[in-house]
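Here are the chains, one letter per residue:
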Amino acid sequence: MPDRAFGIETLCLHAGQIPDPATGARAAPIYQTTSFVFDSADHAASLFNLQTFGNVYSRISNPTVAVLEERVAALENGRAALACATGQAAEATALLTLAKSGDHIVSASTLYGGTHTLLGVNLQKLGVETTFVDPDDPANFRRALRPNTKLLYAETLGNPLINIVDIEALAAIARDAGVPLVLDNTVPSPYLCRPLDWGADIVLHSATKYLGGHGTTMGGVIVEAGRFNWGNGRFPEFTTPSPGYHGVVFFETFGDFGFTMKARMETMRTFGPALSPMNAWLLLQGVETLPVRMDRHCANALAVARFLADHPRVTFVNYPGLPGSRYHALASKYLPKGASGLLNFGVRGGARAGERFIEAAQFMSHLANIGDAKTLIIHPASTTHRQMSEEEQRRAGVAPDMIRMSVGIESIDDILWDIDQALQASAKA
Amino acid sequence: MDDINTLRRILGENRVIAVVGLSADWHRPSYFAAKYMQEHGYRIVPVNPRYAGQPLLGEPCYASLRDIPTPVGIVDVFRKTEDVLPIAEDAIAIGAKVLWQQIGVKNRAAQDRALAAGLDAVMDRCVKIEHGRLFGGLNWVGVNTRVVSARRPRGLAY
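Note that the protein sequences, when read in sequence, are chains E and V. Take the first sequence: its position 109, counting from 1, is numbered 108 in numbering that gives the first Met the number 0, and each next residue is one higher. Take the second sequence: its position 71, counting from 1, is numbered 70 in numbering that gives the first Met the number 0, and each next residue is one higher.
Rather than coming from a laboratory, the hints here were simulated on the basis of the structure. Note that the Cβ used here is the ideal one computed from N, Cα and C, for glycine as well. Treat the hints with caution; some may be incorrect.
Stated by the list, open to error - FRET-style restraints, in silico, Cβ to Cβ:
id	chain 1	residue 1	chain 2	residue 2	range
1	E	K99	V	K79	24 to 34 Å
2	E	H42	V	G103	25 to 35 Å
3	V	G40	E	D196	33 to 43 Å
4	V	D2	E	K99	40 to 50 Å
5	E	P1	V	A116	37 to 47 Å
6	E	E8	V	D2	21 to 31 Å
7	V	K79	E	A138	50 to 60 Å
8	V	E81	E	E391	50 to 60 Å
9	E	S388	V	D2	54 to 64 Å
Unchecked claim - Chain E residues, not near chain V, derived (Cβ > 10 Å throughout):
id	residue
10	T33
11	A84
12	A138
13	L144
14	S331
15	R355
16	K373
17	R385
18	E390
19	A428
With the hints as extra help, turn the sequences into a complete structure.
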C-alpha cells in the first residue's frame, strides 16, 4: 500500500507526534527538562558522536520542541526543521550556518526592519556583506551576484510593504548560481504558500506570528527542503570534516538533512538560541488551528481592503488580494487560497492623521506584532523601521503616513466599525 | 517497495545485517549506520576485503558475502552503484532476504535481479535513517518522518 499524502489540515494536527510511547498521552507531553540520562558510557559516546539518535541537552534537542520542528517541516513539505527561540534567532542561526566572514548575501530590500538591521549592520560587523536589491525585478538578484555569494534572501510576502516575490524566478537564479534561496515565509504561513514546492531551498518562520497565532509566544523555525547539493564546491564547510563538531562531514553523513544537522550541532549548540519546551507546546496549540484561522484572516483582510479602497479618508491601500494591486498576479499564483491578513494604507492628512487614527482605535491594538488572532495596527515609520533613515525607509516601502494593519478574526462588522470611527476621528485636528 | 509498511516489515523480520563496504573509520557513514543498528538489536556482519579476518565493531570481518558462515537477512551495500550487481548475485547465492542499497547507491539492474529472485529490495535509502524514522529517534532531530498515526508504539526502539 503506497504511503498516503496527507492534507495540510491533517498534518497541522498529527505531523510530528504519535501517542507518547511511555504513557499513551494523546496530546504532546511537555518535556520540561534540561538534560537526559545516558544508559551507559558507550551510549553517551554514541550520542556525542551522532551515531545514534537521542536527546542529550535541551539546547540541542528536546522531544516537545521536536514535535513542533517536525510538524512545521511537514507543513512546508520540507525534509527537516530546527526550532529557535524567536524568528530573529531562526534567521541568525540559518545565516550563520551558511555564511562566514568574507562571504556575501543578496537580499531583497523589502524586509522586516529587524531583518534589515541583522543583514545590514550585525552581519556586516561579522564580515558578511549584504547587497540589497529591489525584488520587483528578479534580475536584480542575478546582477548583484558575486563569486563569494552564499545565498539569496527575501520575504515571500514582504512586511510591511506587502509585496510578493516571484519565487520561481528567484529559485531559477539561485539554481544557476549554485546558492540556496532562503525565504522568510512568516506572513503567508505554509497554509497559504509552500515556497519549497516552488523551488526555494530553505524557509524561515517567525512562529510568533500566524503559526502560534495568539500573540502569546515567541518562536522561530528553519526548514530545509533537502534538495540542495552542498557538494557543488561553494560550501566546503559541508563536505569537509567539521572543526566545530569533531570531524563530522555533515553533507556526507546526513545527506538531505545535512544543513539542519549542521545548524543544530554547530550553530545552535554553540550560540544557543534554543526554543523552550513550554513555548514549543504553546506554539503547537496554535498550529493545530492554523487552516481555520488563516481562512478567516484572509476573508476579513479582503473585506477590510475593499472597505478602505472606497473610504474617502484613505489615500491608498496595498493588499495583494485586491485586483488593482500590482502584486495581484503573483498573489493569484503563489497564494491562491488568500493573500494573508496583512495590509497597509495611507490616512488622508499625512503622518499626524495616521497617529490620530491609531490613537482613536477602540479594540484594534497598537503594538509591534503581526499574525495575532486580534486585529493589530502600527505606524512603521515611527516604530518598527525607525532605525532606518528616511531614504532607507522609502526603499523598504515605508511611507510617512502609512498604517500597517494585521487583520484579526473578530466579527468583520466590528473591525470595519472600529476602522471607520478611527478614520473619522483622524480628520479632527 | 519503500512504503512505510514494507520498510517496517523488512526491518522487523530481519535481525542480521551484512554491511558490504563497512569502514573502520568512526566518522564514515557506514560505521555510523552499522554502530547504530548494532545498538538497536541487530547483529552486524562486516564485509570488506580490506579488514578480512580482523574484528570490526566486535564482529569478524569477511572478504565477501560468500565467506559468511551463518545466515544473513539484509545485505546493506555501501559501494559504488556500478559495483552492486555482483553483490546482488552473492546476496541471492547465500540466501539473503533483502538487498538494501544505501543513499546514493542506485543500481536498478541489481534491484531488478534481487526482486526477480524473490528478495525484498530497497534502493537509495539509509538503513539507519529509515530505522530511526519508523521506530523512533529520527523525529528528535526535527526530520519529517511522514508518520501519521494514533497508535501508541508497543515498544521503545531506542
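Here is what the structure says about each hint:
1. E:K99 with V:K79: 24 to 34 Å: 33 Å, holds
2. E:H42 with V:G103: 25 to 35 Å: Since E:H42 and V:G103 have Cβ atoms about 29 Å apart, the given range 25 to 35 Å holds.
3. V:G40 with E:D196: 33 to 43 Å: 38 Å, holds
4. V:D2 with E:K99: 40 to 50 Å: 41 Å, holds
5. E:P1 with V:A116: 37 to 47 Å: Roughly 24 Å apart at Cβ, these two residues miss the hinted range, so it is violated.
6. E:E8 with V:D2: 21 to 31 Å: 23 Å Cβ-Cβ, so the 21 to 31 Å window holds.
7. V:K79 with E:A138: 50 to 60 Å: Violated: the Cβ-Cβ distance is about 41 Å, outside 50 to 60 Å.
8. V:E81 with E:E391: 50 to 60 Å: With Cβ atoms ~56 Å apart, the hint holds.
9. E:S388 with V:D2: 54 to 64 Å: 57 Å, holds
10. T33: 16 Å, holds
11. A84: 15 Å, holds
12. A138: E:A138 clear of chain V: closest Cβ-Cβ about 34 Å, beyond 10 Å.
13. L144: 29 Å, holds
14. S331: The claim stands: E:S331 keeps its Cβ more than 10 Å from every Cβ of chain V (closest is about 28 Å).
15. R355: Nearest chain V Cβ is 47 Å from E:R355, so the label holds.
16. K373: 30 Å, holds
17. R385: Check passes; 36 Å lies beyond 10 Å.
18. E390: The assertion about E:E390 holds, with a minimum of 41 Å to chain V.
19. A428: The claim holds: E:A428 sits with its nearest Cβ about 55 Å from chain V, beyond 10 Å.
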